[in-house]
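Student: Residue numbers for the sequence shown follow the working numbering, beginning at 30 and rising by one.
Please keep in mind that the hints were generated in silico from the structure rather than gathered at the bench.
Think of the CB as a built atom: it goes at the ideal place given N, C-alpha and C, for glycine as much as any other residue.
Check each hint, because a few of them may be wrong.
[Stated by the list, open to error] Taking lysine to aspartate or glutamate and the EDC-like style, the derived pairs with C-alpha atoms no more than 16 Å apart in a straight line are:
id: 1; residue 1: Lys237; residue 2: Asp35
id: 2; residue 1: Lys105; residue 2: Glu231
id: 3; residue 1: Lys237; residue 2: Glu175
id: 4; residue 1: Lys150; residue 2: Glu250
id: 5; residue 1: Lys150; residue 2: Glu175
[Stated by the list, open to error] Distance ranges between label pairs, derived from CB positions:
id: 6; residue 1: Tyr244; residue 2: Glu301; range: 31 to 39 Å
id: 7; residue 1: Arg206; residue 2: Trp183; range: 13 to 21 Å
id: 8; residue 1: Asp245; residue 2: Phe180; range: 16 to 24 Å
id: 9; residue 1: His220; residue 2: Pro152; range: 21 to 29 Å
id: 10; residue 1: Arg233; residue 2: Glu308; range: 36 to 44 Å
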Amino acid sequence: MVRRIDVTGAGGVRLAAWEFADPPKTDQPRASEAPGVLLLHGLMGRASHWASTARWLSERHRAVALDQRGHGQSDKAPEAEYTREAYVEDAEAALDQLGLGPAVVIGHAMGALTGWQLAAKRPDLVRALIICDMRASALGAASQREWEDWFRAWPAPFATLADVRKWFGEDDPWVERRTPSRGEFYAEVMHESPDGWRPVFEPRQMLKSRQTWVYDAHWEELAQVRCPALVVRGLDGELGRAEAQEMVRVLPRGQYAEVADAGHLVHYDQPEAWRGAIEPFLDGVLTS
Numbered sequence: 030m031v032r033r034i035d036v037t038g039a040g041g042v043r044l045a046a047w048e049f050a051d052p053p054k055t056d057q058p059r060a061s062e063a064p065g066v067l068l069l070h071g072l073m074g075r076a077s078h079w080a081s082t083a084r085w086l087s088e089r090h091r092a093v094a095l096d097q098r099g100h101g102q103s104d105k106a107p108e109a110e111y112t113r114e115a116y117v118e119d120a121e122a123a124l125d126q127l128g129l130g131p132a133v134v135i136g137h138a139m140g141a142l143t144g145w146q147l148a149a150k151r152p153d154l155v156r157a158l159i160i161c162d163m164r165a166s167a168l169g170a171a172s173q174r175e176w177e178d179w180f181r182a183w184p185a186p187f188a189t190l191a192d193v194r195k196w197f198g199e200d201d202p203w204v205e206r207r208t209p210s211r212g213e214f215y216a217e218v219m220h221e222s223p224d225g226w227r228p229v230f231e232p233r234q235m236l237k238s239r240q241t242w243v244y245d246a247h248w249e250e251l252a253q254v255r256c257p258a259l260v261v262r263g264l265d266g267e268l269g270r271a272e273a274q275e276m277v278r279v280l281p282r283g284q285y286a287e288v289a290d291a292g293h294l295v296h297y298d299q300p301e302a303w304r305g306a307i308e309p310f311l312d313g314v315l316t317s
């Protein structure tokens, strides 16, 4: 069962949060008593990308996934701020308004950066942190230009969802080998418009969001995270092993895990292996 809860984010932006909860078993705590988990997707993602993770989490946790500003069914107001501060304040507001904190925050890519910036700012709200395939190093201007070129290369609008799956899973120049899960991931962020299938987000807002963190390194904020933290990387993802292990070293209470046969979309590529990588950490958090 999934229910939508509206949250008011920074500057009054309306955010859609999605709570995943199966009917409780007799030996399970009520949702209001279960430890909270906030799931934060990456750039261009949406809350539904966490569905598989959230469903097994809901067996023992109150699991809520947030459509971040500009994404999913949350507001995409052109006048809204797409800064790091706004994203962090949105997550802070979600935890406060949903009564989730202190919660485990699980973030993928940009959502992971939001998670560790929130943990540094509000340690009272974050019980533990899982960082999935996000770099702490600056990526630089060349990376931002590559993204601008990539968005221009999209053959949008797509005639069908099958075309979406094929382009992002096979034909996209960024794809090194056929990756059906990548095609499914992007099909999930498309909606049907009069001229075909287009993304539910505005690409210019995604670029605006990205430019607020791509030029800077984020090691200092990482070092301020005092809660237990797990850094997870896919072996074929964007976060290299050396940088991931340095992130673990910088984190005061850092741990490391990796998932084989997974790319950047670790939780989406290999959901069972992802669960195997993070569940022992979560078990430790629950019993600590």
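Student: Each hint should be assessed against the structure and marked as holding or not.
Tutor: Hint by hint, here is what the structure shows:
A threshold of 16 Å between alpha carbons decides the hint, and for lysine 237 with aspartate 35 the separation of about 24 Å lies outside it, so the pair is violated. For the hint linking lysine 105 to glutamate 231, the alpha-carbon distance of about 8 Å falls within 16 Å, and the restraint holds. Between lysine 237 and glutamate 175, the direct Cα distance comes to roughly 14 Å. Compliance with the 16 Å bound is thereby established for this hinted pair. With a C-alpha separation of about 9 Å, the suggested pairing of lysine 150 with glutamate 250 holds against the 16 Å cut-off.
Between the alpha carbons of lysine 150 and glutamate 175 the distance comes to roughly 31 Å, so the proposed pair goes past 16 Å and is violated. Between tyrosine 244 and glutamate 301 the beta carbon distance is about 37 Å. The supplied range of 31 to 39 Å therefore holds. Remark: the range hint 13 to 21 Å for arginine 206 to tryptophan 183 is upheld by a beta-carbon distance near 20 Å. Range check, aspartate 245 to phenylalanine 180: Cβ separation about 21 Å, and the 16 to 24 Å hint holds.
Restraint check, histidine 220 to proline 152: a C-beta distance of roughly 38 Å breaks the suggested window 21 to 29 Å. One distance hint, 36 to 44 Å for the beta-carbon pair arginine 233 and glutamate 308, holds here, with the actual separation near 38 Å.
Checked against the numbered hints above, the structure violates hints 1, 5, 9; every other hint is satisfied.
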